[in-house]
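Colleague: If you want the building blocks of each chain, they are given just below.
There are 4 protein chains.
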Amino acid sequence: MIEDISVTFLDNYKDRTLVSPIMVEGLPGIGQVGKLVAEYMIHMLGAKKVAEIHSIYFPPHVIIEENGVARLVRNELYLFESDHRQIVFLVGDYQSTSNEGHYLLTDCYLDIAAELGVGRIYTLGGFGVGHLVETPRVLGAVNRDGLRPEIEAAGVVFERDEPGGGIVGTAGLMLGLSASRNIDAVCLMGETSGYLVDPRSAASVLSILSTLLNVTVDPTQLNARAAEMERVIEGLIEGERMQHDEELSYIG
Amino acid sequence: MIEDISVTFLDNYKDRTLVSPIMVEGLPGIGQVGKLVAEYMIHMLGAKKVAEIHSIYFPPHVIIEENGVARLVRNELYLFESDHRQIVFLVGDYQSTSNEGHYLLTDCYLDIAAELGVGRIYTLGGFGVGHLVETPRVLGAVNRDGLRPEIEAAGVVFERDEPGGGIVGTAGLMLGLSASRNIDAVCLMGETSGYLVDPRSAASVLSILSTLLNVTVDPTQLNARAAEMERVIEGLIEGERMQHDEELSYIG
Amino acid sequence: MIEDISVTFLDNYKDRTLVSPIMVEGLPGIGQVGKLVAEYMIHMLGAKKVAEIHSIYFPPHVIIEENGVARLVRNELYLFESDHRQIVFLVGDYQSTSNEGHYLLTDCYLDIAAELGVGRIYTLGGFGVGHLVETPRVLGAVNRDGLRPEIEAAGVVFERDEPGGGIVGTAGLMLGLSASRNIDAVCLMGETSGYLVDPRSAASVLSILSTLLNVTVDPTQLNARAAEMERVIEGLIEGERMQHDEELSYIG
Amino acid sequence: MIEDISVTFLDNYKDRTLVSPIMVEGLPGIGQVGKLVAEYMIHMLGAKKVAEIHSIYFPPHVIIEENGVARLVRNELYLFESDHRQIVFLVGDYQSTSNEGHYLLTDCYLDIAAELGVGRIYTLGGFGVGHLVETPRVLGAVNRDGLRPEIEAAGVVFERDEPGGGIVGTAGLMLGLSASRNIDAVCLMGETSGYLVDPRSAASVLSILSTLLNVTVDPTQLNARAAEMERVIEGLIEGERMQHDEELSYIG
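Protein chains in written order, with the numbering used here: chain A, 6 to 257; chain B, 6 to 257; chain C, 6 to 257; chain D, 6 to 257.
No wet-lab data here; the hints were simulated from the structure. C-beta atoms are modelled at their ideal positions from N, C-alpha and C, and glycine is treated no differently. One or more hints might be untrue.
Cβ-Cβ distance ranges computed for the label pairs, FRET-style [claimed, not checked]:
#1 C:Gly124 to D:Phe14: 26 to 32 Å
#2 B:Lys54 to A:Gly244: 56 to 62 Å
#3 D:Gly151 to C:Glu157: 44 to 50 Å
#4 C:Gly240 to B:Asn187: 55 to 61 Å
#5 A:Ala158 to C:Glu8: 50 to 56 Å
#6 A:Leu15 to D:Thr216: 35 to 41 Å
#7 B:Leu241 to C:Glu245: 35 to 41 Å
#8 B:His89 to D:Thr102: 52 to 58 Å
#9 A:Leu15 to D:Ala119: 19 to 25 Å
A few chain A residues that don't get close to chain D, going by computed Cβ distances all over 12 Å [to be verified]:
#10 Ser25
#11 Phe163
#12 Gly171
#13 Thr225
Produce the entire structure from the sequences given, and follow the hints as far as they go.
Modeller: Okay, structure coming up:
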């Protein structure tokens, strides 16, 4: 009988003990900001995959990898370790397809966090503002009042009315559900249009998260991707303007 | 493992015993009428929070409070006590997102009511009529025939064909599901357009509920809010009329 | 804890034993044909209510009765008894709101049928044809090949390609799920436009069902209602034709 | 109490033992390609029905067969046996109506596969390309890297970016969920427009599957059906072109 949610730790992880690691969640969401940051950090830090999560609350399909092998959609845990810091990354293909599933999956993620002795969680996301943002700010939320000064000192903005609608999905629920478990949690949201994948917003979040984690991550590749994306967007806008001018010249 | 519905009583409530208290439900709904009334009474009477309810049937998100702290969406219980009257208020951010959840949550509310020895329940709501109402009536429904004379004497209207579609959600189900538990329940519905938050309708419900509860609640602030809202609406209507006249003058 | 589905037999029914009764299902559906027939028979035969069914799979609301008392939406069982015939009617406000609920509720109805020793089930419904039907035929389906001759002899039509899409909801599932319980089941579907409540179609079904049950039910009131409805429709069509002619005379 | 999913083996199957049979899944899907192939093979090979699967995750309705007998929608298993090959076909009316049901049903299909000792599974489907395809290729996916050479050798194409969106539903999940059970699984997808039932695409899949299974299936009838369908489509296109020409001649 299939489990509603199953967590499978890889063999290479069996005998490891962690000392108060940090968990960083970057699942798909607005502007893919959280996913971009977490997957970039995994790549740059060379974090190792330690677990897979499957669930009937994910969409019912498989993804075909480059070698032609199909695999279930899933979430994954990656572990990065340096002398002074252990980080567990939570990334993946999807969040839940149902409301109830969001609660049940997040509760499972926190079971894992509790088991690993996680002392703090950072959840990452985008905050959609409906227009292009040149210098995206990073908005914050915490699950305990005392966390705020440290986070603000790192450059995170706490706006009274933003985000007005709260935080939807895993990035939000991990804050809400971790409070009763006495795990500190912080959400970092990069401003983004909400229409496009946004590496520029991700770079803003990465910069602040690196500071907070006291971990160095070279942002060059992410910045390059952002610059390239901006060239593409400018090209699209320019093309539209030219077409518009042409149409006007017909009329005139 | 997360519970589908969890009820957490606060410490300050641990040793209290209630004597046949009244329960007043005012969750979000049409015109936010019930919510306005219940939250206004909590505010004016200085009722104390005694419990929180969380559930996987609520939307999967958190609300960020003014201090930047995220909290799960929730329902809450507040307790007011005077010499002659104890009132338990049920208020909150949301009702269920699913049909089944409506039944399961209401059943939980009634478990609480039974445990507290609640003798009567008032559920509050709006009755949408599709147009602005200057002097909103308060329509009623009961879960036992014998309750009606007392409620009618307080000024509540029982119309044969209203509300034709019945009462949707918690305000309705609490009547339906409490009957078999032998708890009396009354629904009070203020007439409202259904398009806007309606403090005028809430004031009508408040007036009657105060009488029924034999509790004095100064309506000044709620009336002021209603008056202010009406000025805003009149401004909008006037603005539209002027624009319309201007357009006609162009044509003429 | 609320049950997903609860069946409550009334006291007046406690000590009754039935001898191979017939069950007749007439829940809401296309043209309300089944509901009209079953409720008309209950009314004309003076059948007595014997049970109520409530469920979290029904819509989450209450219905307000004429005396102002709210009651849960529900299904009901009524019993008719004559010297030679016992009939259990299954009627109600709604069918399930979810796909899974349809299966679970129907399984519950068949548990009741099995417990009562029901030997045969008639499910009633409308068959939507998309246009007004002057002399509606009654189409049939059975859950065992051997039942067909008797049903055809009563005037029921078995068309090879109708209904092509099968039978949706309780009227269909009761046939499908009763087969493995060795209970005979027959579905009678009156042709109907599908756009309006259709007492004419109901009268056709009633006529055949009376024959099959060998029970006399005076159709006068149902025919009167059908005639009245047809006058209303003719009036609407005539009105539209006149408006159309007027518009043409303007043009001409 | 009804089971969420029930599997009923027919009596004629009771005492059979299979030796590492192959399972072929052909449930409804894009272009009905998988269904066409599997049902055609069952027909041509004279495979015998051995089991039925019913579930509350299927749509809540019955299908009326030619003799007027209604039956639950269902999935079915058929068995073909020759000297050197045993094949279990999984076919049926529907896939799941819910996301969770897709996972639960597929898990059940794999329970059956495990119980029967199935050594390899072929799942069949269409790959929608959005336009008519004259010579449809057969795209593939596997659940283990080592399977690919054999499948490619049979003419199946493994494209790096196709299908980009992965494989939705049972055909995909059977690959994903069988990996952890150590059952080999291969998905074969015939290119198809995605707009019409596509026997031509099915013929392409059949040709390759016959090779892979080392079973001869005369494709004549399927090819005839494809040719007939193409004549109908050509007629439609021709008719539209003529109408277009006529309209132009009016203008000219």
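Colleague: It remains to establish, for every hint, whether it holds in the given structure.
Modeller: To see whether the hints hold, each was checked on the structure:
Distance hint for C:Gly124 and D:Phe14: a CB-CB separation of about 29 Å, consistent with the stated range 26 to 32 Å. In this structure the supplied range 56 to 62 Å holds for B:Lys54 paired with A:Gly244, their Cβ-Cβ distance being about 58 Å. Taken as a hint, the range 44 to 50 Å is violated for the pair D:Gly151 and C:Glu157, whose Cβ atoms sit roughly 60 Å apart. Remark: the range hint 55 to 61 Å for C:Gly240 to B:Asn187 is contradicted by a beta-carbon distance near 51 Å.
About 54 Å separates the C-beta atoms of A:Ala158 and C:Glu8, a value consistent with the hinted range of 50 to 56 Å. In this structure the supplied range 35 to 41 Å holds for A:Leu15 paired with D:Thr216, their Cβ-Cβ distance being about 37 Å. Between B:Leu241 and C:Glu245 the Cβ separation comes to about 38 Å, which falls inside the hinted range of 35 to 41 Å. Checking the proposed 52 to 58 Å range against B:His89 and D:Thr102 shows it holds: the Cβ atoms sit about 55 Å from each other.
Against the hinted window of 19 to 25 Å, the Cβ-Cβ separation of A:Leu15 and D:Ala119 comes to about 24 Å, which satisfies the hint. Interface exclusion of A:Ser25 from chain D stands, the closest Cβ pair being 32 Å apart, more than 12 Å. Chain D leaves A:Phe163 outside its interface by the beta-carbon criterion, the shortest separation being 37 Å against a cut-off of 12 Å. Every C-beta of chain D lies more than 12 Å from that of A:Gly171, the closest at about 25 Å, which supports listing it as non-interface.
Residue placement check: A:Thr225 keeps its beta carbon more than 12 Å from all beta carbons of chain D (closest about 27 Å).
The structure shown violates the earlier hints numbered 3, 4.
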